[in-house]
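A.B. asks: Below, each chain spelled out in residue letters.
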Amino acid sequence: MGLNGKISAVLIMVIFTLSLLSPYIVSYDPDSIDLDSLKEPPTMKHFLGTDNKGRDILSRVLYGGRISISIAVLAALISMVTGLLIGLLSGYYGGKLDTFFMALVDLILAFPSLLLAIGVSVIFPPGMYTVMIALSAVGWASFARLIRGQVISLRESTFVEAAKAIGCSNNRILLVHILPQCIPLAFVMTGLKLGGYILAEAGLSFLGLGAQPPTATWGSMISANRVFISSAPWMVLSPGILIAITALSFNVLGDDLREKYAIQKNGRML
Amino acid sequence: MKIYVFKKIVLLFPLLFGITLITFTLTNALPGDPVYSMVGERASLQTIEKIRKEIGADKGAVRQYLGYVSLLLTGEMGRSYYTNRKVLDEIAAKFPNTLELAAGAMGIAVPFGILLGLVSAIKKNSISDKLITVFSITGLSVPVFWSGLVLMLFFSLKLKLLPPSGTGNLRYLLLPALTLSLPALASVVRVTRVSVLEVMDMPFVRTARAKGIKEISINMVHILRNVLLPVVTVTGLEFGSYLNGAVLTETIFGWDGIGRFTMEGIMKRDYPVIMGCILAGTLIFVLINLLVDVTYYYIDPRVRVDGTER
Numbered sequence: 113m114g115l116n117g118k119i120s121a122v123l124i125m126v127i128f129t130l131s132l133l134s135p136y137i138v139s140y141d142p143d144s145i146d147l148d149s150l151k152e153p154p155t156m157k158h159f160l161g162t163d164n165k166g167r168d169i170l171s172r173v174l175y176g177g178r179i180s181i182s183i184a185v186l187a188a189l190i191s192m193v194t195g196l197l198i199g200l201l202s203g204y205y206g207g208k209l210d211t212f213f214m215a216l217v218d219l220i221l222a223f224p225s226l227l228l229a230i231g232v233s234v235i236f237p238p239g240m241y242t243v244m245i246a247l248s249a250v251g252w253a254s255f256a257r258l259i260r261g262q263v264i265s266l267r268e269s270t271f272v273e274a275a276k277a278i279g280c281s282n283n284r285i286l287l288v289h290i291l292p293q294c295i296p297l298a299f300v301m302t303g304l305k306l307g308g309y310i311l312a313e314a315g316l317s318f319l320g321l322g323a324q325p326p327t328a329t330w331g332s333m334i335s336a337n338r339v340f341i342s343s344a345p346w347m348v349l350s351p352g353i354l355i356a357i358t359a360l361s362f363n364v365l366g367d368d369l370r371e372k373y374a375i376q377k378n379g380r381m382l
Numbered sequence: 002m003k004i005y006v007f008k009k010i011v012l013l014f015p016l017l018f019g020i021t022l023i024t025f026t027l028t029n030a031l032p033g034d035p036v037y038s039m040v041g042e043r044a045s046l047q048t049i050e051k052i053r054k055e056i057g058a059d060k061g062a063v064r065q066y067l068g069y070v071s072l073l074l075t076g077e078m079g080r081s082y083y084t085n086r087k088v089l090d091e092i093a094a095k096f097p098n099t100l101e102l103a104a105g106a107m108g109i110a111v112p113f114g115i116l117l118g119l120v121s122a123i124k125k126n127s128i129s130d131k132l133i134t135v136f137s138i139t140g141l142s143v144p145v146f147w148s149g150l151v152l153m154l155f156f157s158l159k160l161k162l163l164p165p166s167g168t169g170n171l172r173y174l175l176l177p178a179l180t181l182s183l184p185a186l187a188s189v190v191r192v193t194r195v196s197v198l199e200v201m202d203m204p205f206v207r208t209a210r211a212k213g214i215k216e217i218s219i220n221m222v223h224i225l226r227n228v229l230l231p232v233v234t235v236t237g238l239e240f241g242s243y244l245n246g247a248v249l250t251e252t253i254f255g256w257d258g259i260g261r262f263t264m265e266g267i268m269k270r271d272y273p274v275i276m277g278c279i280l281a282g283t284l285i286f287v288l289i290n291l292l293v294d295v296t297y298y299y300i301d302p303r304v305r306v307d308g309t310e311r
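Those protein sequence lines, which keep their order, are chains W and Y.
Quick note: to get the working numbering, add 112 to the position in the first sequence (first position is 1).
Quick note: to get the working numbering, add 1 to the position in the second sequence (first position is 1).
Simulated from the structure, these hints should not be mistaken for lab results.
Bear in mind that the values here come from a model prediction, so they are computed numbers and not experimental data.
Since no wrong hints were added, every one of them can be taken at face value.
Below 20 angstroms or equal to it, Euclidean Cα-Cα: the simulated DMTMM-like pairs (lysine to aspartate or glutamate) are: (1) K372/W x E199/Y; (2) K9/Y x D218/W; (3) K269/Y x D90/Y; (4) K131/Y x E371/W; (5) K87/Y x D257/Y; (6) K8/Y x D218/W; (7) K118/W x E371/W; (8) K125/Y x E371/W.
With the rest of the complex left out, here is chain Y (with noise of 0.2 angstroms):
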């Protein structure tokens, strides 16, 4: 277990390496001086002369990338152009509301994916079957922003059930994080619908029916249990999918987190806020993955054998 974990954590430092690489390209190539967009604009002469010299702006790009590294782990991603406040602060301020709104979309998506998928896999080719096949790819296929809108359109505004945005509590959360789930909704209803049908002939489920279990207990027990790997799969990979739509729904129900203030750092042009937020949303992204991996661990037990297999 060590080892494993252990080998995965090594492996993600070249990752960051070439994450760190890729955004420090990015800032250099941003339209006027990579040290504003760094440090912003209004920070004073001598600090820009500062933190050019410590990025060795004058000297070659190697050094210019350790640098960047190095203000990096000081925890300096720059100030916005705007308000002047530390971005890492307002990274930092307005991850929990992000993380509660995502955290709320896979409450809905994880349950109800699981029992949509397990009911049109076991009643194939049924009417609630073909209802659910088209749900799910439907959910795919409408964009966010618009579903968020005409959710919107019809809980609060005609409906006046729920605010229409703002930050808050549950009643605030509830349609943006509805608005987020359904992409996530709609592929776990899918991966769950393939693996139960995968795994629903299999001997040992054969056999746990001539063995007299009763239906709803393997269903439940064995069938499930084989299923679940496959959705922290698609859970994982969906979580950077809840990053990309967190952009789009946060700016729509003007919930207060990365995602809005991504859109407020694009509008405005806002140079380091952008940056900051894509490094850190892909922080975000690689460690869930990582902790996906370790997930695997827990549930299934062949991974433990050669450590690579999913």
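Just chain W, same shape as in the assembly (with noise of 0.2 angstroms):
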């Protein structure tokens, strides 16, 4: 791993940590509202300034990165999960099942994600959850096409050759011969994509799919928030630089693991 590489790994880190530990570092209740103290600027008791509700924006930038993370994470988990599964049965067994798995995908992929996203997640009451279902939804796509072209090149060498020879069944091939060689592919695309997740989680809730206030996300607070930008701008930078250096370092990371892995950049997710 690069130098540039390891920085973000260890900024990701950095981040994910307050992030989780945000209960324990901060000392104001990210929700509770204070009128005494109104959009105050930066200052030592508050130290990213507060809210039009006096509510502590350091507070809910760190409670708000946890819902963020944790919903690009899972939503990035659970579309490798999906796409290595449809990945390689499609790649596998080949035939009709491939082809229709493959048409869904090349549909999904035809839409812009936003949109499909966002028409996934109305159909849902706001939350946290539709946001991921919608992200899942969208981002296995992709994941199932990549697993299926190495689940294809696998199903021929071999190895697996030897392994139909002595007499195992298919399941043993897949699961114990080849989905063994696809989980790093799948982890490294999961790290290419997830500053993907991190935006589009971010873009998500700024158009108020996502978890409702007074719940803070990253999104949601730039969101409501944006009014304020002239008289209080740090209400509106702090979530955005957060956003920002997060994706950044997972977008750094990403082109470290490509580099590594050589694998082919097909377009951009999210």
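Join these two chains into a complex; the hints should help.
C.D. replies: Here you go:
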């Protein structure tokens, strides 16, 4: 791993830890309203200032990060597992199953991703799970396509032939011989895409499809506070900077992984 | 040529079938009556009954789907729950604005992207290369709705150079177009850099150099031509992200396009509007991709040989 990759990995760890441990770090409740300190600029008392309801921005940003990051990571993992499963079946068995799944994949990739995610989210009442479902419903397709390609090339390899020759069942070949060969690729791909998931989660929460007020997420904080951009810019700046740093770290890390594993970048995800 | 384009157009039909199938499924999965979602709640009872019959809401799923498509074919995407105006008319009215915004963004992203990418590759590993690389990866990581707000804060609210929001002439267009162009610019830079580096050491460039052709015309003629194809590809792919980004950018800048229309639809849970916008956006996206495919044909003669190579 290159230096840039290492720095990003460290940054990601720091942001993750801060967000996960937020209840132990910040002394303010993220949702508690304090009418005595409305829209205060950053001070020693409130490091990142307060918002229009006097809530501590640092607390909200960290608590919000917990939700935003968890949703993005979980959605990426769900996409990965779904993509892995479908890619394995599709690549190994081929035939009609393959045609069907790949047509579905092509179809999903034919939509502008955010629009499709919006379409999926409006079916459900807005909330964290909705965003997660929407991101996974759109995101699995590119995983499935990549894994399928890998499985097709593995299917023809000698060790699979050998396994067949000694009478291994299809399930055994898939699970014991092929799956382990796909897992590193799947994880690298997840790493590549996490930056996109972070941005997409922020976008959907910005549109009001994510966790509902008063719960904070990075996207919804920007959306709720944008009317105050002129009078209290700190309310908007800090969540945005955190989104950017997180996505940036994932993207740099992704570049590093891509160079290492030489994966072709086929377009941008989400 | 004709056969190539014809093939691409034929392939469009199964795709359209699939897209309408997905939007149909989504429409049916929406809370409430799908017929209401399609025609709007203010439609009269008779109309609703009529449409219910037309789409065969009481019949099987296949009939319903056929009904949905035939309604779409007559240009019926339903009416907004709130304004009772036809969604299709609204989209048609707002589309030119979105197109203007996308064209503006593309007008910034493509030339500057190619330029920066070229500089970055020619001066590989120099300070400027590193700065450009940092700039481009940042551009990919900053959410457009935030960079838009920051640009607005500086250029409109602090420096008071440009209007903060609204639809109108070039002064209004500049900030949203710049915002929307940032991620696209970043990917054009990256793609250009990689392809220039790839081409730079090829024999034909060496030959050109050996013949004593000036460095600048090598860059401009020999290398740039080979960079165009990936740039067209990425611009075509980016068009999807223009549509994605337009939803966010237009909302921030109050640009009266399809994106903001979508956002308003979401806020009010105006389902016909949301579904209409998704369908329209996807159709535009698919058509642009077709256009990109056809453009390849002109830029790269290699595509003409087997019609599949990219």
